[in-house]
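Peer 1: Sequence:
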Amino acid sequence: MELGLYSFAENTPDPLNGGALQSPAERLRDLLEEIELADQLGLDFYGLGEHHRPDFVASAPVTILAAAAARTKSIRLSTAVTVLSSEDPIRVWQQFATLDLLSNGRAEIMAGRGSFIESFPLFGLDLNDYDSLFEEKLDMLLKLREGGKVTWEGGEHTRPIPGIAVYPAPVQDPIPLWIAVGGTPNSVARAAFHGLPLMIAIIGGQPRQFAPLVDFYRETATKVGRDLKTLPVGISSHGFIAADSQDARDWAYPAHSEAMNRIGKERGWPPTTRGQFDAATTPEGAYFMGSPQEIIDKILRQHEWFKHDRFGLQLSVGTLPHDKVMKAIELYGTVVKPAVDKALAGA
288 MELGLYSFAE NTPDPLNGGA LQSPAERLRD LLEEIELADQ LGLDFYGLGE
338 HHRPDFVASA PVTILAAAAA RTKSIRLSTA VTVLSSEDPI RVWQQFATLD
388 LLSNGRAEIM AGRGSFIESF PLFGLDLNDY DSLFEEKLDM LLKLREGGKV
438 TWEGGEHTRP IPGIAVYPAP VQDPIPLWIA VGGTPNSVAR AAFHGLPLMI
488 AIIGGQPRQF APLVDFYRET ATKVGRDLKT LPVGISSHGF IAADSQDARD
538 WAYPAHSEAM NRIGKERGWP PTTRGQFDAA TTPEGAYFMG SPQEIIDKIL
588 RQHEWFKHDR FGLQLSVGTL PHDKVMKAIE LYGTVVKPAV DKALAGA
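Going by our numbering, the sequence shown opens with residue 288, and the numbers climb by one from there.
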């Protein structure tokens, strides 16, 4: 199983550091150090989310990943996600092709509709077109991904391409393209229909309840003639790691609750409590917060349910001190990954 990390490049007051707020430049410097460490420790991928808000600094994640490409050697570099609905597929393809060249074939696209909607008014789009924008632009991106001269008829949301090649050509043929979903069956079916790998974000509830969704994806892919060997499944979740499990929870909770309550207030969710947080860190819960052994056990338990090929840990939700994040990455790469690799060898 591939193990990697995700970040939304949060930039909010750090509750463990007196509410200190970094400048965007400082946050990006720390972020690049985190990606560089993940690469040095042999983690498989790093994903960076796209957001257009004051509490995140990655509105142009491919630019940041390009900087990371120059500082890393083997880790795969992905978005998490590219909000394709509000993007120009031609520019998406050109940016990732360039990233692929800079990284010598380590770029990946992870496309999704996005759970935040700030990009719609920013780019003059109608939120009522939420799904149709994504569907049409995904079709166009897949056409561009084929390479060569591109003929595209255009549609409601895209302009025609009259047989023109789009440059530059990437190293990989093709660049991997994942579809990220939050649990919507239609999105899962779309990924299966197009024969694209699936990443499921599990950030709450009972993870085991997502097993039928994974089964649905594989069954649908089989029905439309796709080869399941070419369709990996990934799971991503919130988490934090410390040598002591109680420390991991105590350090993560203030930042996590602040972030979730801030977003929840915007969306009408009730405030989260410490009891709810702790319940989600139990073996059957959604959060990967704890000691390395707890994280190992949880990854392996979920592998029994999903038989997934990739796991992404989101470090962190809300702002935590850089040294604690770096230590968490170190434990993930030096303790968790070797143990999971050993347990699943030959699986």
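No lab work stands behind these hints, which were simulated from the structure alone. A virtual CB, placed ideally from N, CA and C, is assigned to each residue, including glycine. Incorrect hints may appear among the rest.
[Unchecked claim] BS3-like cross-link-like pairs, simulated, lysine-lysine; straight-line CA separation at most 30 Å:
id	residue 1	residue 2
1	K360	K510
2	K516	K430
3	K614	K629
4	K430	K510
5	K629	K594
6	K516	K360
7	K614	K594
8	K614	K360
9	K629	K360
[Unchecked claim] Label-pair distances were calculated between CB atoms; the ranges are:
id	residue 1	residue 2	range
10	Q533	E440	32 to 38 Å
11	G441	D584	30 to 36 Å
12	V511	D584	18 to 24 Å
13	P449	A476	43 to 49 Å
14	E591	P449	48 to 54 Å
15	D342	A476	45 to 51 Å
16	A452	G482	21 to 27 Å
17	Q327	P499	35 to 41 Å
Peer 1: Against the earlier hints, flag every one the structure doesn't satisfy and list their numbers going up.
Peer 2: Those not satisfied are hints 1, 10, 11, 12, 13 and 15.
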